[in-house]
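Chemist: Sequence:
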Amino acid sequence: MRHTFMGLATLLGGFLAVSHSAQAQGGYAGDALMYMRQNPSGTARSLGLAGANVSLGADFGNLTSNPAGLGFYTKSEISLTPGVGFGTTNATQVANSAAVGTGFPSISQTANSFHIASAGVVFANRRPDSDNTSDWRGGSFALGFTRLADFNQALRYQNSTDDNHSFFQRLREPHNNGDYTNAGYQSDLDDIFLNSRQGIYKDIDGLAYGTGLVDQVKVRNPGTGTAMGDSIYRNGTPVRRGSITQTEDILTKGSLSQFDLGYGGNYRDRLYIGGGIGIVSLNRTRTSTFSESSGGDLDFVSTDYLKTTGTGINARLGVIVRAADALRLGASVQTPTYIRLTEEYSTSLTANTKYDAGNGSSLATNPGTFDYSITTPFRANGGATILLGKAGFITGDVEYVGYSQAKFKTIDGSIDNGLEDGNASITNGYRNVVNARVGAEARLDIFRLRAGYAYYADPYKNSTFSRNQNYFSAGAGVRTKTFFVDLAGVYLASKELYQPYQLAYTAPPMVSYTNNRFTANITGGLLF
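Our numbering numbers the first residue of the sequence shown as -9 and each following residue consecutively.
Check before you lean on any hint, since a few could be wrong.
Beta-carbon label-pair distances, calculated as ranges [claimed, not checked]:
#1 293 <-> 408: 19 to 25 Å
#2 177 <-> 483: 43 to 49 Å
#3 481 <-> 360: 33 to 39 Å
#4 508 <-> 183: 48 to 54 Å
Please keep in mind that the hints were generated in silico from the structure rather than gathered at the bench. Computed from a prediction, not measured in an experiment: that's the story for all the values here. C-beta: ideal position from N, C-alpha, C; glycine also.
Could you build the full structure based on these sequences and the hints that come with them?
Modeler: Okay, structure coming up:
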């Protein structure tokens, strides 16, 4: 299909010398942030306090936050926490240089789910108060499951842009390389051409060539002369006039969970020390359908499918000190988490238009897999609890997370450009933050009322767009000598930016959206 064409200005519409936004959403860097940015988690008691329990003790949620809290148990218990989630996004195009006109109205999408927030058992072994043979008053061994992050989300948006900022412009820059005189650009085109002759289509660039949406056009090489003998190739697409409508639907499902084994000991009812090991389980699927239309006609539609699964490991140590009868101080540290990941992916493309004005066709890549790993950063927590006698307590935590320290690697130690680009984006784009959580519980006989708030700081450097996450929680419960039941509701309010693709020399369209999610959880437990 390699055609000769000399009208370069007409073909490509020119390049705009505008630097690409440093806040663009990167592929692997965006994935890393999703795996690092965890939600308040644990039992309905912990969730009712917005996850603030580092210095509290005697709650199953301590298994993942501070295992020293296990040392407070005087009775064994078993508990289960099922829940439901209701999520809503509202997306609007950002008014940047890629936007045309006033844009489209905000589009709302919902994503609901059922989940298990936690499940586990605690085996307590406390010495009788009359036993003074040791200063160690006993301890508790616990094992269980905790859901750390929720990936469920539905997003839909519509953009209005022009040809120079459209996905066609992205296709003119294969593999995000905009310099057609570059040897790498020519090598990419050669690979796409040779693979297509064998019916091999590895990615969207190969599919675009195979369906005729893109053609490789012979042009003069400005660096060597004007004769066609000095020619090179450049990707060309149909040139569209006027406004172009982009539509994308993205559905993400899954979660990050952890299976834990931990122990907490009690020294003289003043010092509590604990440790634990966590086995991480990650499961996420993402399906996106992206299309562009011009002049009222659909030009193309592409569908991407990505499934990521993984297993990892971490460990944590913690301590709680009863500084006074009414004051507890706690701290914990968690090692970096190593997760081995496997991706399964595929892409399909239907082109309803063609470079030479004919009809396009439909093609799909063969399903592929990719194995690699991520090491997410060290975490540290500190907290304090003020006990109000039998009336209840007030508790608060701070958490340090080193987002800029995450790192991807291949399993065999080889260099992968996609992972290296992701690592560079993490180092240059993310910062280390301190999150805060606060909660309170009021007691009246066997009844409990709770409320909490958590602030998770924006992990981006030098960002004028705030991505802080705010969690508001409330809960209630009943606790007797033999059983307990707790209810909790947690509401998340946050804002995000999304960029569907990158361009080499100009800013692509961008979407801002609100992400609101409410989860309701109930914990039932038995004491024995």
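Chemist: A separate judgement is required for each hint: does it hold in the structure or not?
Modeler: Verification of the hints:
no.	hint	in the structure
1	293 <-> 408: 19 to 25 Å	holds (20 Å)
2	177 <-> 483: 43 to 49 Å	holds (47 Å)
3	481 <-> 360: 33 to 39 Å	holds (36 Å)
4	508 <-> 183: 48 to 54 Å	holds (51 Å)
Going down the numbered hints, you'll see the structure goes against none, and every one checks out.
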